[in-house]
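Asker: Both chains are given apart, each in its own frame, so use the hints to dock them into the complex.
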Amino acid sequence: MKISAAGLSDVGLKRETNEDFLAMDNSTNLYIVADGMGGHLAGEVASKVAVKIVQKNVNNWINKNSPLTEIFDFPDMTLSQRGNYLSSSIKLANRVIYEMSQEYTEYKGMGTTIVILAVMPSTIIAANVGDSRIYLIRGDSMEPLSKEHSMVAEQLEMGLISKEEAETSPLRHILTRNLGSSETVDADVFEIEHIDNDRFLLCTDGLTDLVSDNEILNIIKNGNDPEHICQQLISEANKRGGNDNITVSLISVNKESDEKRGIIKKFHTFLKNKK
Amino acid sequence: MARVILVFNKKVIKEYPFSKDSMTIGRDEANEIVIDNLAVSSHHARIDKTGGIYILTDLQSTNGTFANDKKITSYKLQHKDKITIGKHLLFFAMSKQEQAKAKEAELDKTMILDTAQQKELLEKQAEKKAKDVSAQQGKMGVISFIDGSGGGEIPLTKKLTKIGKAETSEIRLGGLFMPPTAATISRRPNGYAITPITKKTKVKVNNEVIKESHYLKDFDTIEIGSYKCQFYHQESQNEK
Numbered sequence: 242m243k244i245s246a247a248g249l250s251d252v253g254l255k256r257e258t259n260e261d262f263l264a265m266d267n268s269t270n271l272y273i274v275a276d277g278m279g280g281h282l283a284g285e286v287a288s289k290v291a292v293k294i295v296q297k298n299v300n301n302w303i304n305k306n307s308p309l310t311e312i313f314d315f316p317d318m319t320l321s322q323r324g325n326y327l328s329s330s331i332k333l334a335n336r337v338i339y340e341m342s343q344e345y346t347e348y349k350g351m352g353t354t355i356v357i358l359a360v361m362p363s364t365i366i367a368a369n370v371g372d373s374r375i376y377l378i379r380g381d382s383m384e385p386l387s388k389e390h391s392m393v394a395e396q397l398e399m400g401l402i403s404k405e406e407a408e409t410s411p412l413r414h415i416l417t418r419n420l421g422s423s424e425t426v427d428a429d430v431f432e433i434e435h436i437d438n439d440r441f442l443l444c445t446d447g448l449t450d451l452v453s454d455n456e457i458l459n460i461i462k463n464g465n466d467p468e469h470i471c472q473q474l475i476s477e478a479n480k481r482g483g484n485d486n487i488t489v490s491l492i493s494v495n496k497e498s499d500e501k502r503g504i505i506k507k508f509h510t511f512l513k514n515k516k
Numbered sequence: 272m273a274r275v276i277l278v279f280n281k282k283v284i285k286e287y288p289f290s291k292d293s294m295t296i297g298r299d300e301a302n303e304i305v306i307d308n309l310a311v312s313s314h315h316a317r318i319d320k321t322g323g324i325y326i327l328t329d330l331q332s333t334n335g336t337f338a339n340d341k342k343i344t345s346y347k348l349q350h351k352d353k354i355t356i357g358k359h360l361l362f363f364a365m366s367k368q369e370q371a372k373a374k375e376a377e378l379d380k381t382m383i384l385d386t387a388q389q390k391e392l393l394e395k396q397a398e399k400k401a402k403d404v405s406a407q408q409g410k411m412g413v414i415s416f417i418d419g420s421g422g423g424e425i426p427l428t429k430k431l432t433k434i435g436k437a438e439t440s441e442i443r444l445g446g447l448f449m450p451p452t453a454a455t456i457s458r459r460p461n462g463y464a465i466t467p468i469t470k471k472t473k474v475k476v477n478n479e480v481i482k483e484s485h486y487l488k489d490f491d492t493i494e495i496g497s498y499k500c501q502f503y504h505q506e507s508q509n510e511k
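So the protein sequences, as listed, match chains U and Y.
Per my numbering, residue 242 is the first one in the first sequence, and the count goes up by one each step.
Per my numbering, residue 272 is the first one in the second sequence, and the count goes up by one each step.
One or more of the hints may lead you astray.
[What the hints assert, rightly or not] Here are the in silico distance ranges between beta carbons for each label pair: (1) U/E456 - Y/E286: 45 to 55 Å; (2) U/D317 - Y/K282: 52 to 62 Å; (3) U/N463 - Y/K488: 44 to 54 Å; (4) Y/T333 - U/K293: 44 to 54 Å; (5) Y/K482 - U/E406: 29 to 39 Å; (6) U/E406 - Y/S497: 43 to 53 Å.
[To be verified] Below, a list of computed lysine-lysine pairs in the DSS-like style, where the Cα atoms sit at most 27 Å apart: (7) Y/K471 - Y/K499; (8) Y/K341 - Y/K285; (9) U/K404 - U/K349; (10) Y/K374 - U/K255; (11) Y/K291 - U/K349; (12) Y/K473 - Y/K488; (13) Y/K482 - U/K243; (14) U/K349 - Y/K374; (15) U/K305 - Y/K429; (16) Y/K470 - Y/K499; (17) U/K297 - U/K349; (18) U/K332 - Y/K410; (19) Y/K470 - U/K462; (20) U/K404 - Y/K341; (21) Y/K347 - Y/K429; (22) Y/K285 - U/K255; (23) Y/K473 - U/K496; (24) U/K496 - Y/K436; (25) Y/K471 - U/K496; (26) U/K496 - Y/K374; (27) Y/K367 - U/K349; (28) Y/K320 - U/K349; (29) Y/K471 - U/K243; (30) U/K496 - Y/K372; (31) U/K243 - Y/K470; (32) U/K404 - Y/K358; (33) U/K496 - U/K462; (34) U/K255 - Y/K429; (35) U/K349 - Y/K347; (36) Y/K358 - Y/K285; (37) U/K289 - U/K349.
[As the list claims (entries may be wrong)] A short list of chain U residues far from chain Y (calculated; beta carbon distances all over 10 Å): (38) M242; (39) T258; (40) N259.
Hints listed in this document are in silico derivations from the structure and should not be mistaken for laboratory results.
Bear in mind the structure is a predicted one, so any value in this text is a computation, not a measurement.
Note that CB positions come from ideal geometry on N, CA and C, so glycine has one too.
Just chain Y, with the same shape it has in the complex (with noise of 0.2 Å):
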């Protein structure tokens, strides 16, 4: 079994024995590891055990979590790490044949980190940050119409949005020379592009024809034909 050991000033102040599958670090009298000290935050960092490994991660912490004095966001523990909590040094021993295991674990396997748990460390390390990196990934793009034509606002809800004239596009454009689909919008992992499908109806995004998916930034202007709409992200509502 791997142990923690917690030391300040020089002297071991306790041991703690691995017996469950993670352990947290922090002034808070709920953590596993409370460290009673003004530098420490209240959930500091905690230690997971998964596979054969153990790893070490800063719950964004004020004062920061430090493995063998480099400063650390996750971290994956060996046998004698020196880890570091405001003026608080906790030494992580594992046993031999968890050493040996977790040699045999470093041979570029994948494993899986149960996700309840680590759901939890993620949105914990990203509270703070949440807010403003990654802030579009969860918003819907909405399409609104700036042309005086009546199309009002549309959210893409679905991850493909056909732009045309036939009755199955979710976002219908009237006119003779309006082609079945004269554009796409798709979802896609790094955000929102726009196709144009036909060469014969014109696409333009900022006044410019395109003739290739391009991304959709907040406040583009988008021409199909002689409509005239804008691009922009929405605070979501139910999306995830």
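Next up, chain U with everything else stripped away, as it sits in the complex (with noise of 0.2 Å):
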């Protein structure tokens, strides 16, 4: 399995710091987004603790092979070993921020939504919270591997909106769950198989207000290189106006090194040549 991966963060515009943080960890593939928010220094920092203990519990979880009784909170029987680590592991950054929130007083208020992708040899975990977004780029389709916490998308599901009022509402913007607000938080948790050449799209706000799935998706299709695509789509959200932070991170997962190995592989290339 080869996984090439690529990120960028780009304070847009309008704004004058980046409350978003990414961190790509490709010893344990691990990739996180995080868009913080809260007044003067307080979202970056929330953005940047959340990844930091995601990343940090992750790793340590993963180096002594943690059993589920060892991590933080009650594991979730629907999910793998790895899968309770990223959901535990987000649990544990939201009761962090949130009591440093409750504690001092230039924190009050601050919080982060999160996503993270765990690619595993195969499978891979995405696990979200608040309305940051991954996607699965799969042939000529993409599809969220995330859900929305927001009141507009929650309502959309109830079907108390249409789809149509859902993208102009000016609701848009409120979270109904994100990382240190409350004393706890459940992420949304999926995991699924992967096959050969699947891409995954990790982004902010910041770009999906701006840039339509259709146009993400064309963006992605007509690329290759990782970060090319990357700075493609995060000058397409400036083109737009740049209104907020834009992050996004592209991973590529290519399996058929695994399947064809030796004397097969070099048979497949050489009819694969004569073509």
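Answerer: The following block contains the structure:
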């Protein structure tokens, strides 16, 4: 399995600071994007703290192969061990940010969204809280692997408003869940089997507010190099106003190399070349 | 401080200062703003203050809530907005500072709404609709074997269910040509999807061989090798 990944974060054109935070760990194949909120520097602190805590704890649990009884809070039996590591690290990060915001007046009201992608040998695990997103791009289609925790998304799911109303609603930036606003939080976690050439996009609302799903898909479909695609996505959002910080990370998973080894691989490339 | 002014027949009935984080409107005595009129539901609407802005939400009332003569589900209130409930009018007024603050909040800023308050709000809104809409969202998928192999019914409790010969499979199938993992069923944001894993063992859904992930609908038949089963959603019992 070969993973190529890239990630970029941009302040955008309207904001003075970048409250988004991005981390890519190629040794444990862990990719994280967070979008902080809260006045002064609190948003920057929240997103950075969240990413660091998740990274540190997940890596620590992986190294020790910690049983589920040793992780933070109750395990979720619908998830694999690694899925539990992700979900538990998010709960832990939430608690820390919550306590910081209670303790210090300068951090009052701070919070952050988070999306995490973990690539395992045959599966990927996607976890999220808030309105940052993870997409799976497979062939010519793109589908979300994250749930949006915003008032508008929940109203849409319940059938109270239409998709058109949701897109233009003035309430679309009101979150119903984030890290830091309450003592406990539940992440939405999804686990799926990956296939050859699957690509995953992690992004903040600085991108998705301005660039539609179809446009994002087109850029990714027509691109190859993850870093170049990330640059294109960011410049597209900036072209349309760059209202917010924009963070994107694209992870491409190639499995072919596992399956065709040695002589079979040679034979396969021979056939390919002949065509 | 913002104020809500209740008007009926062109006469000001009462003025309500917005002193708490939320105010409810309805016929019931427990509301902050009580309107004793049959056209008004007992819990009709509410106004929540979050960040610097005020949000008006209709609580699935019988006769609806209107903001500036437009029917709304939820709506961001601005200075001098007119709210119509039955034959009563409510005018919303903000102080100068609040108007400035709301303007500042305008700039696409992300905010968090207090979860307990918001959950209650959404639940109230959804009470009537929840039964028919999003009916399948919380339901658990079940695989039911219909080939007489004695597999019975297997609830898909995990986010990822592996099907095959391997001991770690959630659904174990025997047979000489059965691979360790023949297919997986994953629970995704859009529902349950089945994915074939190897090219050698064919996976059919409704008699058609699938090569990629396929979203499952109620009573789809799935064939894996010589096994045949059906998928459906179960009434949730312990699911949230």
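Asker: If a hint holds in the structure, say so; if it does not, say that too.
Answerer: Hint check:
| no. | hint | in the structure |
| --- | --- | --- |
| 1 | U/E456 - Y/E286: 45 to 55 Å | 49 Å, holds |
| 2 | U/D317 - Y/K282: 52 to 62 Å | 57 Å, holds |
| 3 | U/N463 - Y/K488: 44 to 54 Å | 32 Å, violated |
| 4 | Y/T333 - U/K293: 44 to 54 Å | 51 Å, holds |
| 5 | Y/K482 - U/E406: 29 to 39 Å | 37 Å, holds |
| 6 | U/E406 - Y/S497: 43 to 53 Å | 49 Å, holds |
| 7 | Y/K471 - Y/K499 | 17 Å, holds |
| 8 | Y/K341 - Y/K285 | 24 Å, holds |
| 9 | U/K404 - U/K349 | 34 Å, violated |
| 10 | Y/K374 - U/K255 | 16 Å, holds |
| 11 | Y/K291 - U/K349 | 19 Å, holds |
| 12 | Y/K473 - Y/K488 | 19 Å, holds |
| 13 | Y/K482 - U/K243 | 22 Å, holds |
| 14 | U/K349 - Y/K374 | 21 Å, holds |
| 15 | U/K305 - Y/K429 | 24 Å, holds |
| 16 | Y/K470 - Y/K499 | 18 Å, holds |
| 17 | U/K297 - U/K349 | 24 Å, holds |
| 18 | U/K332 - Y/K410 | 25 Å, holds |
| 19 | Y/K470 - U/K462 | 25 Å, holds |
| 20 | U/K404 - Y/K341 | 18 Å, holds |
| 21 | Y/K347 - Y/K429 | 40 Å, violated |
| 22 | Y/K285 - U/K255 | 43 Å, violated |
| 23 | Y/K473 - U/K496 | 20 Å, holds |
| 24 | U/K496 - Y/K436 | 22 Å, holds |
| 25 | Y/K471 - U/K496 | 17 Å, holds |
| 26 | U/K496 - Y/K374 | 51 Å, violated |
| 27 | Y/K367 - U/K349 | 25 Å, holds |
| 28 | Y/K320 - U/K349 | 17 Å, holds |
| 29 | Y/K471 - U/K243 | 23 Å, holds |
| 30 | U/K496 - Y/K372 | 53 Å, violated |
| 31 | U/K243 - Y/K470 | 21 Å, holds |
| 32 | U/K404 - Y/K358 | 31 Å, violated |
| 33 | U/K496 - U/K462 | 18 Å, holds |
| 34 | U/K255 - Y/K429 | 43 Å, violated |
| 35 | U/K349 - Y/K347 | 24 Å, holds |
| 36 | Y/K358 - Y/K285 | 15 Å, holds |
| 37 | U/K289 - U/K349 | 16 Å, holds |
| 38 | M242 | 14 Å, holds |
| 39 | T258 | 13 Å, holds |
| 40 | N259 | 14 Å, holds |
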